[in-house]
Structure formats: C-alpha cells, structure tokens
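Heads up: the sequence lines are chains A and B, in that order. Counting from 1, position 370 in the first sequence corresponds to residue 985 in the numbering used here; the numbering is continuous, with no gaps. Counting from 1, position 188 in the second sequence corresponds to residue 243 in the numbering used here; the numbering is continuous, with no gaps.
Read the hints as simulated data drawn from the structure, not as lab findings. Do not rely on the hints blindly, as some may be mistaken.
Said to hold, decoys possible - With beta-carbon atoms standing in for the labels, derived distance ranges:
id, chain 1, residue 1, chain 2, residue 2, range
1, A, N768, B, N150, 56 to 62 Å
2, B, K235, A, R737, 41 to 47 Å
3, A, L679, B, Y143, 51 to 57 Å
4, B, S65, A, F631, 37 to 43 Å
5, B, I233, A, Q965, 48 to 54 Å
6, B, A231, A, L679, 37 to 43 Å
7, B, L195, A, H670, 44 to 50 Å
8, A, S975, B, F146, 41 to 47 Å
Please read all numbers here as calculations on a predicted model, not as lab measurements. Just so it is clear, CB atoms sit at the ideal spot from N, CA and C, and this is done for glycine as well.
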Amino acid sequence: MSKVGEIILDKVTRKFGAVAAVNAVDQVIEGGSYCCMIGPSGCGKSTLLRMIAGHETPTSGRILIGGKDVTHVRTGERGTALMFQNYALFPHLSLTDNVAFPLKIHGLGAERRDRAREMLARVQLGHMADRMPSQLSGGQQQRVALARALITNPQVLLLDEPLSALDEFLRLRMRVELKRLQNDLGITFIHVTHTQPEAIALADKVIVMDHGLIEQAAHPREIYDRPHSPYVARFMGGQNVVSARVLTVGDEIQAEGAEGGRYAFAPRAALRAGQEIRFAVRRDKIRLDQGPAGGANALPGKVINVEYQGTFVKVELVTPQAEEFVAHLPESDFFAKPLHFGDEVVARWQPQDVCMLVGSNNSSGDALAH
Amino acid sequence: MTPNRMSQLSVLPFTTILTVFTGLPLLMVVLLSFWTFDGLEYRPEFTLANFAAVFSSPVTWKIFGNTLRYAAITWAITLVLGFAVSFYLVFHVRNLKLQIGLFLLCTIPFWTSTVIRMISWIPFLGREGLFNTGLMQLGLIDQPLEFLLFSDFAVILTYVNLFTLFMIVPIFNAMAKIDKNVIEAALDAGATGFQILRTIIIPLSRTGIALGTIFVVTLVMGDFFVVRVMSGGQSSTVVSAMKNNIDQMYYPQAAAMAVLLIAVVLGMVATILRVVDVRAELAK
Chain A
616 MSKVGEIILD
626 KVTRKFGAVA
636 AVNAVDQVIE
646 GGSYCCMIGP
656 SGCGKSTLLR
666 MIAGHETPTS
676 GRILIGGKDV
686 THVRTGERGT
696 ALMFQNYALF
706 PHLSLTDNVA
716 FPLKIHGLGA
726 ERRDRAREML
736 ARVQLGHMAD
746 RMPSQLSGGQ
756 QQRVALARAL
766 ITNPQVLLLD
776 EPLSALDEFL
786 RLRMRVELKR
796 LQNDLGITFI
806 HVTHTQPEAI
816 ALADKVIVMD
826 HGLIEQAAHP
836 REIYDRPHSP
846 YVARFMGGQN
856 VVSARVLTVG
866 DEIQAEGAEG
876 GRYAFAPRAA
886 LRAGQEIRFA
896 VRRDKIRLDQ
906 GPAGGANALP
916 GKVINVEYQG
926 TFVKVELVTP
936 QAEEFVAHLP
946 ESDFFAKPLH
956 FGDEVVARWQ
966 PQDVCMLVGS
976 NNSSGDALAH
Chain B
56 MTPNRMSQLS
66 VLPFTTILTV
76 FTGLPLLMVV
86 LLSFWTFDGL
96 EYRPEFTLAN
106 FAAVFSSPVT
116 WKIFGNTLRY
126 AAITWAITLV
136 LGFAVSFYLV
146 FHVRNLKLQI
156 GLFLLCTIPF
166 WTSTVIRMIS
176 WIPFLGREGL
186 FNTGLMQLGL
196 IDQPLEFLLF
206 SDFAVILTYV
216 NLFTLFMIVP
226 IFNAMAKIDK
236 NVIEAALDAG
246 ATGFQILRTI
256 IIPLSRTGIA
266 LGTIFVVTLV
276 MGDFFVVRVM
286 SGGQSSTVVS
296 AMKNNIDQMY
306 YPQAAAMAVL
316 LIAVVLGMVA
326 TILRVVDVRA
336 ELAK
C-alpha cells in the first residue's frame, strides 16, 4: 500500500451548533484500499465523507490526503472526486459534456471531449455519448456519474450511498462492478452505506460509526466475528447479545443472567466479580434442542418465527433475555427435526463461541430506525 | 361522455373568451388596416396606403426606435435585478419560511394599483419633490435636479418599478428547481463561483429568463400611459402614437401601426421561444 491516496483523519470534529456530528475522529485509511463507512442515519458518516471531499470544513482537526494537509484546500483541488447519491448530473448537458465538465473547468481544450468519450466507453455508455441525462435509466445515470468522477484521475473516490437508489438486481451488479473498478484503478474508495451486506462484501476496512464516533474500524471479518460493542454486534447483525453479571473470575469466567441462566467462557478481558457484562454469540453457532434446560451456556426460549432461507433456517426465539434471539440452523439439521411456532426449546452454545463486548455503546443499532 | 369529449368541453369557456374578446377584435384591426380612408370616412376597399403612410413617415421609425430603446433598457435593468433577487432568495436564504416571506415582500407593491404606484413617484421626483429637497437640505446640490421627472429617466424608473416582479417570479421559479447537489457536483469538479454561475445556474435558469423577458418586453412595448405621464408628454412610443391617430379618427392608420407592432412583438417572442424551448422545460 502506498502513500498515494492515503487518508489520515486527525481529531476531526464538525459541530453544527452545539451538536458534534463528527466528534474528534482519528483514523488512517490506507492508500488503494476499499473502505466502507457504515452507521444509522445521523451517525456522522456522510458529514465525514463531505469533509474529506471538502464540501464541509472541520470545526477542528486535520485531514491529510497522500501525506498533504488538505483541511483547508478547496474542493476539486485535493485529489478527491465525490459521486453523489442522486448522481447530480448536469441536466442541461449531454453525457459527453457532463463527463468533460471537470476537464473544462481545469481549462482543457477540445481534447476533453475525446477523453470524455473514452471514459464513457469504459463504463459501457460510449454509444449514448450525445444523449441527455434525462433519457437514461438510473443505472446508466450512475455510470455517467462514475465516469465524471473518474475523469480527473483522483487519488480518492468518495461514494455517498451510491447503490441506494437502484433496485436489488442492479445493486448487486453495480456492487461487483465497483469492486472490479477499484481493483483495476488501485485508487482509494470510500463508500458510505447503511447496508451491512454491502459493507461486508466490498470493504477491506469497515468503519462502523454511531453518534459522530467511530465504534470500530477493522477488516469486515473482524467486525462481523468480533464486534467491539453491543451496538456493533446488533447493528452489523448475525449476532445475539446476552447480558449477565460476573460471578467468579479465574481460568473460566462464570456469569449469571438476570433470568438465572449460567454462562461460562474463557477470559478474554480483564473482568471482576459483580461486573455487568454483555457478550455476543453468532447466530450460526447456536444449537437448539428440546431436552430439559440446565447446564451452562443454555437459554430456554419459545419459537416465535421460522423462516426458510435456502441454505439455512432462521429460527427466532423469545427468551428471558429481553432481546431478540435468533438461531441460524443448517437446513439438514433443521429438517431432520423440524421446529414449529410455539415449541419450547433450549438454545445452547460452546464457551469458545462467546465474544465479550468490551465497548460500552449499548444502543439498539436498529438499522430500520432511519 | 368520452374523456376526449370531456377535455374538449372543459377548454370551451376559455376558447370562447379568447375568440370573442381577443381573436375577433384582432381580426377587425387587421382588416381595418387595409381599408381605404380619405380623411372623412373609411370604406372597406382594399388598399396598402395605410401601410405606405406608416412606413414612409420618419416619425414611425423614430417612435419604434424609441419604444425598442425603452424596452431594451428596461429589460436589461429588470433582468439584472430579477436575477440578483432570485439568486439571493434561492441560494442565500436557507430558511424556507424566510424565503417565502421575502418573496411575498417583493409582491407588496402589487397590492396597490399600477396608477397609484406610478403617480406616487411624481411628488418624490419633482422639482420641489422629496428627493431634491432632501439632497438640497443635505447640501449636496444647490439646484434641483431637472432630469428626475418628466424625462426618460422617470419613464425607465417607473417601468422598472412596475415590471421587475414579472422578471423575479419566473426566474425564481426556474432557479428554485435547480438541484443543490448539481451545484455541489460542479464545486467538486473544482469550479469557482463565477464558473458555476456561467455554466450551471444561468443555463438552468434560462426558461425563467425567457418567460420574464417576454413579460417585460411585451408590457413595455404595449404601454402608452406610463410614457405619457412620466415623460410629461415629451416622449412617445408606438402605442402613444397609435392613441394620437385614434384621437384624430385615423383608425386605419392606427390599425396599420398596430399590425406592425404585433408583427414586431411576435417576431421577438418567436425568437425567444426558438432559443429556449419553454414548453419542454416547463413540462419537467
């Protein structure tokens, strides 16, 4: 990874009145990486993106791109290009002129139209070069926006929810194309999204934000498998969050849930007796049986929903733990002994599948809350 | 009743009004312009003498020139004012309520009649008017400024006062439709404020500019009242010349001049509509 396209955020803060939309964020994004910023709306991800693009000035802190302090450099002069959520094509200009616009601004002569046509051909729109934006479908408009953003050879491409306006089919296809484009160009992509599968599928690094703070920034596998806080576990999904109080510490942590359940797992963080903790267990690590309750790492519950998902079956339980509890069962296991609505079951997991949630952010992370 | 018949029926009242009160009188004027007039009476005999008289008179060219000059100056001033006011309202006033409030403020002069607004300039601009008295009391001048009233200045000032809103409304309307993200996209490409104005905002406001231009130009070209009062009878336009003809019962000549004026105005409107496809833009 090179210095080109590397982004350093140094205590970046943006306040709107008394509210800090982005609060003293420190982060290094490697040059040439694909970075996804994710969080519920209002978490500050778009503000952060706009500050990197230069459409917003930090209240304090510094932003460095490729080793150069660009905190107060004009937008358009800092080696970034922003692709807008609604594409923001110029409605009065043909596709060629749209794509050539940044070159025209930089004073290029007639050659700019040739370069624009080349770029349009690259996004498979060469045959439409003379059309107007209103004559295109959403997916085509997006390609034009992409071509216009790339025409200046930016070090960093910033994408503001680029796929949210597309239908499911196009979204998946454009996702593949974005990833391929990033591989081909080797420039840094920063992609803001509120869709978890998108972030996990695309990113080399996922930055999970909430309330203007970075909750966790890591490889998607790390984020998914070892969430930092209850919020990250809930927001990224695929996890069950369990609350308990530590009873004894030693070779094995013993804890007790408010409902009376016993939990045991290997110590992964410094804990003391009496401490309130939360831990996560992946949905696909849960097994359900209909035997008697009892033993450690077992939680009794009642089936309230069963959804067949093709490769697995999603079983939703209500448990004495006042939080959604879901098990993803391999389909062959499930159909060997099917469960139905209202069945009493016991959810069990292995001690090594417990992930301690050391972060304190306990908000629901409800992705539907926006 | 079929939907087609229904829509035909619903445009019937307006069609009737247009035909009876605009179409027929216009036709009469056109016919009249070819009638024969011998100084005593006019007869329905075809002649081009009225047009010949109009075209051969140097006065015609002078008053057409004068009218076009008023139209051009008024257009330029109202365009700059209308564009600036709209630009301010759309791009600088972020608060929608304040934006609507300020917009309504622009319409307040229209709560009184045109005549009152025009007449009220007279005590302000006159020799002993408020403005001159004020300047003299401040010691800035010792003779009252003569050009303020009963002059081209007064005529243009009144036109601008009366017609600027007709420029503001359509330009504001067109500008308000510009997607703010489009401006940010231009900024992102590195465009300066002036480049954005020239390459994005002006082209995207062109429907409003065209409509405002049509309003202002046709209003000025069709006026005779403002020019008669505010120039103190020293200046005349096509319509005021037409009024003189009518007062002297020279109806066919007045009609010929009217036909000429209509042709000129139609030509101007057609040119504007050729440059800007108002219909396609409004349909958006």
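Check your understanding: Which numbered hints are broken by the structure, listed smallest first?
Key -> 1, 2, 3, 4 and 5
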